[in-house]
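Peer 1: For the protein sequence lines, the chains are D and E, in the order given. Heads up: the first sequence begins at 1 in our numbering, then just goes up one per residue. Heads up: the second sequence begins at 150 in our numbering, then just goes up one per residue.
Careful: at least some of the hints might be erroneous.
[Unchecked claim] Capping the alpha-carbon separation at 27 angstroms, the derived lysine-lysine pairs in DSS-like fashion look like this: (1) E/K312 / D/K109; (2) D/K92 / D/K78; (3) E/K163 / E/K439; (4) E/K230 / D/K109; (5) E/K477 / D/K118; (6) D/K149 / D/K109; (7) D/K75 / E/K477; (8) D/K92 / D/K109; (9) D/K75 / E/K163; (10) D/K75 / D/K118; (11) D/K75 / E/K439; (12) D/K78 / E/K477; (13) E/K163 / D/K78; (14) D/K118 / D/K22; (15) E/K477 / D/K109; (16) E/K295 / E/K312; (17) D/K22 / D/K149; (18) E/K391 / E/K279; (19) E/K163 / D/K109; (20) E/K435 / D/K75; (21) D/K118 / E/K163.
Don't read these hints as lab results, they were simulated from the structure. Small disclaimer: the values here were computed from a predicted structure and weren't measured.
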Amino acid sequence: MLDRPKHLRKIKFLNRLKNWVKLTSINVYCFSSGCCGDEILATYGPVYDLERLGVNFVSSPERADVLMIAGTITKEMKPILEDLYNNTEDKKVVIAVGSCAINGGPFYKSDYILNGVKEIFNVDLYVPGCPPRPEAIIYSILRYKERFK
Amino acid sequence: MNPDFGYLRTGVEKIIEGIEIDNVIPFINRVDNSSAISVELVYCIALENYFKIEVPIRAKFIRVILSELSRISSHILFLTKLANALGMNMPLHYCLREREEILHLIEVATGSRLTPNFVRIGGIKSDLSKQFFDKLKEILKGFRKKVHELRVFFLENELVVNKLNNLGVLVKEDAIKLAISGPNLRALGVSQDIRKNDNYEIYDEFNFKVPIGDRGDSLDRCMVRIEEIEQSISIISQALYKVPEGKIRTYGEVNTQLMENIYSHVECPHGELGMNISVSEGRIAKLSIKGPSYNNLFAFSKAVIGEKLEDIELILASFDICVCEVDK
């Protein structure tokens with residue numbers, strides 16, 4: 001009987017520790033093309049400096065907590081994106097950056113593209129704009145952080 | 150090595166068939182993401198030459214200033230990619246900081262950082278204020294020194310020079326067979342620049358050199374682009390003091406008859422950008438874009454033969470290929 005609350009307290013502490021770790025180091029895998037890719041590169045630079053929020057851009061999907069998908073999504077890309085999604089962690093968050101990744105953007109009439117990433121898998125956060133400003137991309141990371149507070 | 154196409158194909162040329170000629174610009178400026186204003190410019194110049202619309206001189210000056218600004222930003226993006234491929238972190242951050250100043254200027258003038266949607270048939274969308282020119286003067290004053298810093302990072306660093314020297318050499322005969330253009334051709338020693346040869350805007354009023362290399366390796370391609378940044382700064386600083394007062398747009402009469410194969414070309418940061426337009430009843434019947442990056446991609450697959458596997462990323466970065474423009 002005495003063991004139980006102690007055990008629960010331990011789990012609570014571990015959960016809080018895990019959340020704190022997730023809050024301060026976010027691994028982002030970025031899959032981008034076109035002008036949105038240039039804006040994500042700009043957030044990496046010294047003016048906007050996304051790293052001060054604890055964001056690391058990683059180069060393998062196995063290590064990523066956040067999948068950031070930007071640019072036009074064509075039908076040829078679909079198997080590649082499915083592979084990418086299955087290789088990431090279980091509790092991942094998907095961010096769609098730019099109107100091309102949200103619903104096709106200016107090319108929504110085209111035969112070659114999909115109308116957004118939402119046709120392949122679930123999307124948690126949308127960043128509108130064509131292309132979105134770097135501040136908008138930073139704001140999406142701040143919204144992601146709110147989940148662990 | 151054969152490139153595999155189709156992964157970024159959007160079909161822009163097909164979508165815009167049947168759209169009125171005034172509404173095409175927001176679609177086509179997404180083709181070239183690093184300097185969108187040159188795509189708008191080539192479209193408007195083609196129709197102006199055909200309809201014989203005279204553009205006001207103030208609008209011409211502002212077009213030149215903005216296209217040179219976007220040339221600077223595109224070349225600095227090239228240096229960023231090169232620094233990333235070389236594994237140098239400090240020059241990468243310096244390049245991104247310098248690029249941000251130029252993008253801020255473009256944003257003040259046009260309202261958007263990358264896709265301006267600013268050039269119109271017969272002129273430009275809106276006039277630039279005096280505050281913009283004051284800001285431009287202030288930023289240009291310190292910018293030459295910053296370009297010199299970048300030159301020290303890339304061309305006076307012994308490690309970088311030894312790495313890039315004789316890497317990815319392109320033979321002149323191959324280059325002419327593949328019809329490549331722009332800085333990659335100039336790095337081979339061919340002095341070919343549409344700004345000098347064709348004078349499409351008021352480029353004949355400015356004094357500027359066309360920088361050329363001699364061997365055609367990665368070092369020459371890097372050097373040519375850094376020198377082009379300096380030349381662009383000198384063009385802008387000459388244009389700043391010559392901008393006259395006056396109108397910014399003329400509304401000419403647009404025929405609604407069928408017309409075919411209107412062609413024009415400009416010098417975009419990657420090379421020669423051409424456009425072929427057919428119009429019927431005020432709407433686009435067919436439009437095809439001839440981008441320079443397509444030819445540069447095949448030149449890359451020639452230049453990469455015989456090099457080490459780990460250097461491929463570096464050689465690809467040194468060719469400055471805009472992927473959106475290859476798969477339109």
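Peer 1: So which of the earlier hints does this model not fit?
Peer 2: 1, 4, 6, 8
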